[in-house]
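K.L.:
As a plain string of letters, each chain reads:
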Amino acid sequence: MRRVMKIRERILIFCGLALFLFVVSYAFLQEGKAKKIPTPVAESASEQCVESREYMRANHMLLLDDWRHGAVREGERIHVTPDGRKFEKNLSTCFQCHGSRGFCVRCHTYASAKPNCFSCHHEM
Amino acid sequence: MKKAIVPFAAVLLLAVLPYVAVQFAGLGFLFGIIIPYIAIVVFTTGVVYRVIDWARSPVPFRIPTTCGQEKSLDWIKQDKLENPSNFFQAVARVLSEVLFFRSLFRNTKAELHDGPKLAYGSSKFLWLAGLAFHWSMLVIVLRHYRFFIEKVPGFVQILEAGDGFLDVTLPALYLTDIVILAAVTFLVVRRLQDAKMRLISLPTDYFPLFMILAIAVAGVFMRYLTKVDVMSVKDLMINLVHFNMTLPEGIGPLFYVHLFLVCMLAIYFPFSKLMHMGGIFMSPTRNLSNNSREKRHINPWNPDIKIRTYAEYEDEFREKMKKANLPVEKK
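Sequences listed follow chains P and A, in order.
Sequential numbering from 0 applies to the first sequence in numbering that gives the first Met the number 0.
Sequential numbering from 0 applies to the second sequence in numbering that gives the first Met the number 0.
Keep in mind that the hints were calculated from the coordinates and are not lab data.
Since the model is a prediction, treat every value here as computed from it, not as a measurement.
Glycine included, C-beta positions come from ideal geometry on N, C-alpha and C.
You may find that some hints are simply not true.
Now the in silico label distances, taken between C-beta atoms and shown as ranges [what the hints assert, rightly or not]: (1) T107(A) to F21(P): 36 to 46 Å; (2) E8(P) to R307(A): 35 to 45 Å; (3) I157(A) to C106(P): 15 to 25 Å; (4) Y25(P) to Y223(A): 25 to 35 Å; (5) S91(P) to P170(A): 21 to 31 Å.
With a straight-line cut-off of 25 Å between C-alpha atoms, the simulated SDA-like cross-links for lysine to any residue are [stated by the list, open to error]: (6) K272(A) to F21(P); (7) K5(P) to K294(A); (8) K5(P) to N286(A); (9) K70(A) to K294(A).
Covered stretches of chain P, as calculated for chain A (at least 3 residues, CB under 8 Å) [unchecked claim]: (10) 10-21; (11) 50-62; (12) 104-115.
Start from the sequences and build out the full structure, keeping to the hints where you can.
P.N.:
Here it is in structure tokens:
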């Protein structure tokens, strides 16, 4: 290389490259071990939930939102499943099998998805 | 139109490939683990290589493009940003370009009216859509750290909260998702609707646009509509960054479409126009200060030419010149 690159240019370019590499490898530099967070399951697994497990894993928030809307705005407090079982539209209905708020928090913290249930429902 | 259809078909093919391979051929390991590693290695080394290659390229002279008053006499006002005369002004100019696409703000469009009359008008939409797209892209990329880091860092949570502040739909609608879809669509339509733009557009212009659009659409579908198992997705990503090659079960095939398209874009990146990410910092027409009148810039690899003056010539041949009756300066 016959051209003499100025020191200042060289420092700038290497700072830029270092920043790029830092952003790309940021996740790789984090501490922690590769371990699977066990997905929590309901304690009384004998009884079936409102919907299938797959549906609930993907869409529980939609169901809860539907419940909230139904209970608070339309006074419909009973949820009837397609196969005729009845549930009270209430968070504590969920927690009868699903323990407590900790049941939600584990996954929600892991996936960084913030439910806004608990801004009103405090003690569960 | 062929120039747009071929890249479109290519993107479609790239999107279908992982879907079929994972769903029907069980190639999850290839698409979930091997290809992402290849992609990140190619992307990183490719970008670094190209930037270093540019850094090593000689820039012997000052060649900044300027459009303002150069630094001159004291009573003539210099346009410091358009015509930087020192290092810091040049840095400010590059940053204004990188962060706000300053030169694109001057974009004009030409129209031919009856007469025939040619009219130029200001056209800010390219600037606006470009800026909206790039900033959304940045926010979206940073937001994705939530899948790669077990304990999601604070800045990602702040970004998520700000991005989803409208708090409509479940899961919360991200503004950047809407903006990026709208902006990229505009950028595609802009190329397609005008005959002049169609003429100068190349497959390499359409391909990244279609790729980004496909990636965004797949992402939006996964988040809002068809859903994938986010927990397994994060497990996979955490595994990848800790070099644990186990593939969690039960991630929907749509995720592999998203991941594969991202990998392909990352692999394509260093070989393509997308290198403007590094190039914008490295362009000598932008990052040099215009001080040619203040400082003499000598081409550093000028060959060492041996100069022979007339006096030396005459010294050598004086006697012979005298004999041939040629005039000499020194008797």
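K.L.:
Evaluate each hint against the coordinates.
P.N.:
Here is what the structure says about each hint:
1. In this structure, T107(A) and F21(P) meet the distance hint of 36 to 46 Å, their C-beta atoms being roughly 39 Å apart.
2. Checked against the hint of 35 to 45 Å, the pair E8(P) and R307(A) passes, with Cβ atoms roughly 37 Å apart.
3. In this structure the hint that I157(A) and C106(P) lie 15 to 25 Å apart at CB holds, the actual value being about 21 Å.
4. At about 27 Å, the beta-carbon gap between Y25(P) and Y223(A) stays in the expected band of 25 to 35 Å.
5. As the Cβ distance of S91(P) to P170(A) is approximately 24 Å, the hint placing it in 21 to 31 Å holds.
6. Taken as a hint, the K272(A) and F21(P) pair is honoured in the structure, with Cα atoms around 23 Å apart against an allowance of 25 Å.
7. Straight-line distance between C-alpha atoms of K5(P) and K294(A) comes to about 15 Å, which keeps the hinted pair within the 25 Å bound.
8. The hinted pair formed by K5(P) and N286(A) meets the criterion: a straight-line CA distance of about 14 Å does not exceed 25 Å.
9. Using a Cα cut-off of 25 Å, the hinted pair K70(A) and K294(A) holds, with the two alpha carbons roughly 12 Å apart.
10. For the region 10-21 of chain P, the assignment as covered by chain A holds, since 5 residues bring a beta-carbon within under 8 Å of that chain's beta-carbons and 3 suffice.
11. Only residues whose C-beta sits within less than 8 Å of a C-beta in chain A count toward coverage, and the region 50-62 of chain P has 5 of them, enough to reach three; the restraint holds.
12. Only residues whose C-beta sits within less than 8 Å of a C-beta in chain A count toward coverage, and the region 104-115 of chain P has 8 of them, enough to reach three; the restraint holds.
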